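**Student:** Given chain A, put chain F in place with the hints provided.
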Amino acid sequence: MTRPRIVPQRGFNLDYLMWLFTRISGLAIILLSLVSIIAALYMGARTQMDLPTFLRWAFFPNPNHVVNSNIPDVTVGWANAFWQIMSMLIVFFAFTHAANGLRMIMEDYLGHSFWQPIMRGVLLLLWLFMIIVAVYVILSS
Amino acid sequence: MAFGKYIGWKGVTYRGGGPMLTFLLHRITALGIILFVGLHVLSSFAMQQLVGDTVGTALNIIYESWWFQIFVVFCVIFHTLNGLRITILDIFPRMLKFQREAIWLEWAIFIPLYALTVFVLFRTGLVGG
Numbered sequence: 001m002t003r004p005r006i007v008p009q010r011g012f013n014l015d016y017l018m019w020l021f022t023r024i025s026g027l028a029i030i031l032l033s034l035v036s037i038i039a040a041l042y043m044g045a046r047t048q049m050d051l052p053t054f055l056r057w058a059f060f061p062n063p064n065h066v067v068n069s070n071i072p073d074v075t076v077g078w079a080n081a082f083w084q085i086m087s088m089l090i091v092f093f094a095f096t097h098a099a100n101g102l103r104m105i106m107e108d109y110l111g112h113s114f115w116q117p118i119m120r121g122v123l124l125l126l127w128l129f130m131i132i133v134a135v136y137v138i139l140s141s
Numbered sequence: 001m002a003f004g005k006y007i008g009w010k011g012v013t014y015r016g017g018g019p020m021l022t023f024l025l026h027r028i029t030a031l032g033i034i035l036f037v038g039l040h041v042l043s044s045f046a047m048q049q050l051v052g053d054t055v056g057t058a059l060n061i062i063y064e065s066w067w068f069q070i071f072v073v074f075c076v077i078f079h080t081l082n083g084l085r086i087t088i089l090d091i092f093p094r095m096l097k098f099q100r101e102a103i104w105l106e107w108a109i110f111i112p113l114y115a116l117t118v119f120v121l122f123r124t125g126l127v128g129g
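Chains A and F supply the protein sequences, listed in that same order.
Take 1 as the starting number for the first sequence in this note's numbering and just add one per residue.
Take 1 as the starting number for the second sequence in this note's numbering and just add one per residue.
Okay, chain A solo, but in the shape it has when bound (with noise of 0.2 Å):
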C-alpha cells in the first residue's frame, strides 16, 4: 500500500502560515527571554539571585520562579501586570509553537488518514487546555 506523500501547496494556507508562525515564534520566545534577563540584571539579579533562579525567571517571569532568591521584597518590581502580560505571551508563543510542531510530527507519521481529524481536534483540545491552565497559574500566583 504504498502512496505518493502529499507534498504541501504553494500559497496562503495553513501549512503555510504555521512555516511562517513557528519561525516567528521561535524567535520571540528567544527576544522575550533577552527582555526578562536583561531586566532581571538591571532589578538587581547580580547580587541577588543564582544562575537557578535566574534561568527560571529567564524562561518564564513568574514571581513563584524568584520566592527563592535573596531578593528582599518580590512584589516591588517582579509581580506586576507587566510581566503577567510577558509570561502570557511566552506561553501563547510556546504553546502555540509546540503544538503545530506535534501536529507536524504526527502528520509525518498518519499522513492524510481517517485519524487526522481526530488527532488535530485532540491537540486543539489539549492545545486550549494547557493555555488556560497556565494563564490561570499566571493570574492567580
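Because the hints were derived from the structure by calculation, they are not lab data.
Owing to the predicted nature of the structure, the values given are computational and were not obtained by experimental measurement.
For every residue, glycine included, the Cβ atom is placed at its ideal position computed from N, Cα and C.
Warning: the hint list may mix true and false statements.
Stated by the list, open to error - If you anchor each label on the Cβ, the simulated ranges turn out as follows:
id, chain 1, residue 1, chain 2, residue 2, range
1, F, Gly16, A, Met104, 15 to 23 Å
2, A, Tyr42, F, Leu113, 19 to 27 Å
3, A, Asp108, F, Gln99, 15 to 23 Å
4, F, Gln49, A, Leu41, 30 to 38 Å
5, A, Gly11, F, Trp107, 30 to 38 Å
**Tutor:** Chain F only, in chain A's frame:
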C-alpha cells in the same frame, strides 16, 4: 509505518549525515521540552491550588533533580540553536549551500555551552546545594 513502507533497521543505519542527525535531534528535543514544560505547568497548578502532598510535589522532585536537568538543558540548548540555524537559513536562502558548515558551527557553539552546563550541574549534584 509511514506511508505503508516498512523501513526497519535501514532507518537506523541510513547515512543522512549531519543534517539528518540534527533533524532527528530537533524532533526528540522538541518532545523532551513538551514533556518537561507540560508537566511543569500541571505541577505548578497542583502546587498552587491543592493543599498538602500532591502529584505536584512528586513531579517537582523529578524535574528538580540534577540528572533530569542535564536532559532538559540538552533539549533546550540544542532546540534553540538548531531552530535559530533553521530560521537564519530560511531568511537567507542563498546561505543554504553552506548548510553543513552551519551545522558544524552550531555544534561548535553547542558543545562548549552544554559541557560547561553539565559540569556545573554535576558539581552541584555531587556536592549538594
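**Student:** A range of 15 to 23 Å was offered for this pair. Does it hold for the Cβ distance of A/Asp108 and F/Gln99?
**Tutor:** holds, 21 Å
**Student:** Starting from the range 15 to 23 Å, see whether the pair F/Gly16 and A/Met104 falls in it by beta-carbon distance.
**Tutor:** holds, 18 Å
**Student:** At the C-beta level, are A/Gly11 and F/Trp107 separated by a distance inside 30 to 38 Å?
**Tutor:** 36 Å Cβ-Cβ, so the 30 to 38 Å window holds.
**Student:** With respect to the beta-carbon atoms only, verify the hint that A/Tyr42 and F/Leu113 lie 19 to 27 Å apart.
**Tutor:** Given a distance of about 24 Å, which is inside 19 to 27 Å, the answer is holds.
**Student:** Hint says 30 to 38 Å; check whether the CB-CB distance for F/Gln49 and A/Leu41 agrees.
**Tutor:** holds, 32 Å
Every hint, counting from the list given before, is met by this structure.
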